[in-house]
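*Asks:* Residue-level listing of the chains:
There are 2 protein chains.
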Amino acid sequence: MNNIEAFFKPRNIAIVGASANPKKAGNVILRNLLAVKYPHQIFPINNRSEEILGLKCYDNLSDIKDQIELVILITPSNLIDVIMADLEKRMETQNDVRAIVCAAANYGETKTEEGIRRENVLIETSRKYGIRVIGPNCIGVIDYVNRLDTTFVETSLKEDQVGRKSGVSFISQSGAMAASLLMWGASRPEPMGFNKFVSIGNMADVDFIDLLTYLEEDKDTSVIGLYLEGYEKSRLLVETLKRINLKKPVVVLKVGSSEIGAQAANSHTGSIAGSDVLYDSAFKQYGIVRVETMEEMLDTLNAFDCMTLPKNSGTYILTQAGGPGIYCTDAVSESKHLNLVDLGQAENERLKSILPEMANVGSPMGYSDITAAADVDHHINSLELISKDNEISNVLFVTVIPTFLDQIALAHKLVDQIKKLPVGKLVYTTIMAGEYVREARRILEMESIPTFNSPLDAVRVASNLNNYSEFLRRSVKGGIAYE
Amino acid sequence: MNNIEAFFKPRNIAIVGASANPKKAGNVILRNLLAVKYPHQIFPINNRSEEILGLKCYDNLSDIKDQIELVILITPSNLIDVIMADLEKRMETQNDVRAIVCAAANYGETKTEEGIRRENVLIETSRKYGIRVIGPNCIGVIDYVNRLDTTFVETSLKEDQVGRKSGVSFISQSGAMAASLLMWGASRPEPMGFNKFVSIGNMADVDFIDLLTYLEEDKDTSVIGLYLEGYEKSRLLVETLKRINLKKPVVVLKVGSSEIGAQAANSHTGSIAGSDVLYDSAFKQYGIVRVETMEEMLDTLNAFDCMTLPKNSGTYILTQAGGPGIYCTDAVSESKHLNLVDLGQAENERLKSILPEMANVGSPMGYSDITAAADVDHHINSLELISKDNEISNVLFVTVIPTFLDQIALAHKLVDQIKKLPVGKLVYTTIMAGEYVREARRILEMESIPTFNSPLDAVRVASNLNNYSEFLRRSVKGGIAYE
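Those sequence lines, one after another, are chains S and C.
Be aware that the first sequence starts at 44, since it is given in our numbering, and climbs by one per residue.
Be aware that the second sequence starts at 44, since it is given in our numbering, and climbs by one per residue.
Derived by calculation from the structure, the hints in this document are not laboratory data.
One thing to keep in mind: the hints can contain errors.
Since the list can't tell identical chains apart, any single copy or any two copies may satisfy a pair.
To be verified - Here are the simulated lysine-lysine pairs, DSS-like style, with alpha carbons at most 30 angstroms apart:
1. LYS80 x LYS327
2. LYS463 x LYS431
3. LYS291 x LYS276
4. LYS67 x LYS456
5. LYS520 x LYS290
6. LYS379 x LYS327
Please read these numbers as outputs of a predicted model, since none were measured by experiment.
Here chain S stands alone, though its shape is the one from the complex:
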């Protein structure tokens, strides 16, 4: 056992650099741990406070009598020698610490002699006792399922939004991108949950391979997201991703795709980015989904987690309005992984018979516009009819929800209809009205039904899911078990 688990389910945590000042990171970490109701003990280390947020403070790690499995470092890096001496003292007697998250910056990433020396002190002391280290220079670790949040990012999730089931795990090489992703995810109509979320920092000890290998075997992780700037062992990384991707999807956002971007990446991570062309061709060959934006990353991870895999690439556009439908059609046409499928004459006739007279059915092929004259039942009944076609695994459902349509009623009926669908049959629900349909979207997302703000977002996700599904059909012996 490589101790990686201690980062996610630690028994008791000490925070070196806990602060009484609410504007300091060392205070936000405490607040986050309390907010998620971390189920074990928290020990703030701060020799200028008696207690912080009701938690008794200690002067040193070695003063704490109880067991500590995880230590978080959020002190200025020039204190590292003192802290490591304190840690040594503890380990010589109690020998209990298994993991360190070093959130503080100003270590090896500065490329200064002193920064590198400090990082070496941290790592060498830890290695001596078999302690694993994440960081330095990271924003921390989250495991909402186990009620752990060591970050200093304020996403102010409500209590009922933590501890909810999610299979999405994410690794970020950038703390800022990790923080943005958390805040963007929490800004969705229903805040997005994560299973395990790691800002990996300088990778002075725990690196991509360690974490990916752990997540590969982690039964709670259904899909892995990776934000990648560069990694020296690029070949090993690609081989690892290839192996994992056959078991669970891996979604990658790799920056540094341009020459200048690669220079910026090199100057940031200090490692060689590796040729983007090589990464890209490997991703394509091994069916690894590469996304272009963080928004697409969130949407895609969420969809992989909530939806089953499509059985085939057959696609239908069911729209409540012409403009949005055409907009969606252009995007589907650009995708290499989606094919519009005709319902056939008999089904087209049936569809016509249950829709408003103005509806445009089947023109072009694989496309129907139910028009603004459609009521809630027109939406639901047409969706049901189209979903029954064996050739269609992907329904792109697009509506603006006119003022005169009850958005809450539609959302509830959509939940009922979509929940009835068999494995391998997917509905991508787009409601194009920003904040005005937040509640309708929330009703769907609470039931693990992904929703989209724009049909272009929905098409990108449908394309990614079908890309992966096609890859598995080609690659996995005996095919995928759909029933």
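The hints should help you fit chain C onto chain S, whose structure is shown.
*Replies:* Below, chain C alone, put in the same frame as chain S:
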């Protein structure tokens, strides 16, 4: 005078089909007109109600003694003969109506004999009296500056958000896309204003050319957005856009770029979409900005309205974090209209001297990362220094705003700094934290400083503004007056 003005500044409005049922479009129109505080009289025509929302109802148009300049039709289309007879009666005596917005659908767009007949009745009656018609099959007309909103889209803008100065005018061939754009625009940190907003519907009378020509001369319109599906007189349209674009920017989202999308467009508008390749090459040749998404449309229109034009394509990326900076750099590299510019050794040294020790200055060229160690003044002072470089007209400013940084203080200081900049010097401000920085973004947007959710959005807008600016420098005799 072609009466187009009567759509935007009508003296008194009659609403045929006004409804007492809050779920009906004919009720929402009334609510919207009251919400924007339309400054003249409103006459609901409804023979089953005494009054609606405090407004006295009338049985017929011809019963109203006061002057009416604009009539809105939101009745079922099978009543058109009766309504036109009523209109004729009124015009024979009072001869005051100058404009009709026919919001109702089920006219010519159905391609049925009866639908076409109804449309003919509407248009022929109107022509007889020189009345101009927008629609049928549209969501209406907005002029927030003149406090007019004839749509049935609920954007529930607050009173102080209406009547504010905006130079953005927009024409949409799709009512649903128009409604989405309105709701997306109103969902921004600070709701986006429009000067004139027209859902053009079937163009049975008023068409693209009429409206564009009106907006060309309209002093209140600084930029024109156009959502286009297809138009029979494509050559005339391109020539009109070409002419206008030399005076004020025109931003176009044209759908039907794919073959199947074009089929869907044809089946929706009933007109031939025209070759997308021809449109696209004309747009490129005439410097007309073509956007790919509605989000890009909103961002670009807002930027053209709020910002001056960049003097040169020189660009600098000033980021508070490495990951977002690299992400931004890749996007800049892909743009054909932005060039990263080095500050030069002396300025690089000065920049280093005012930033935290960890900061990465000028590597790669045209890029600095002030890091999470940067306080508010580091943000502002580095922005000030970079903005002074004559070769740099575009600063892409990217920050996540860490928890320990005061986002409100930063926003206020950014306002002060950006407002001081001379004409032709632009800062594109990206704050990557979703709902968590809504207030900071609102502070900037209230002062007409555009903000972005992602650096990719900012780069797209910078690219569009530089594309247009380059075109003007090439095309306009004597150049652009910057000072």
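*Asks:* Each hint: holds or not?
*Replies:* Here is how each hint holds up against the structure:
For the homomeric pair LYS80 and LYS327, neither the shortest alpha-carbon distance inside one copy (42 angstroms) nor that between copies (57 angstroms) is at most 30 angstroms. Proximity of LYS463 and LYS431 under a CA criterion of 30 angstroms is satisfied intra-copy only: 11 angstroms inside one chain copy versus 62 angstroms between copies. With identical chains, the CA atoms of LYS291 and LYS276 are at most 30 angstroms apart within one copy only, with a shortest distance of 22 angstroms there and 52 angstroms across copies. Only between protomers do LYS67 and LYS456 lie at most 30 angstroms apart by alpha-carbon distance; the minimum there is 21 angstroms, versus 46 angstroms within a single protomer.
For the homomeric pair LYS520 and LYS290, the shortest alpha-carbon distance inside one copy (12 angstroms) is at most 30 angstroms, but the shortest distance between copies (63 angstroms) is not. With identical chains, the CA atoms of LYS379 and LYS327 are at most 30 angstroms apart both within one copy (12 angstroms) and between copies (27 angstroms).
Hint check: a violation occurs at hint 1 only; the rest are consistent with the structure.
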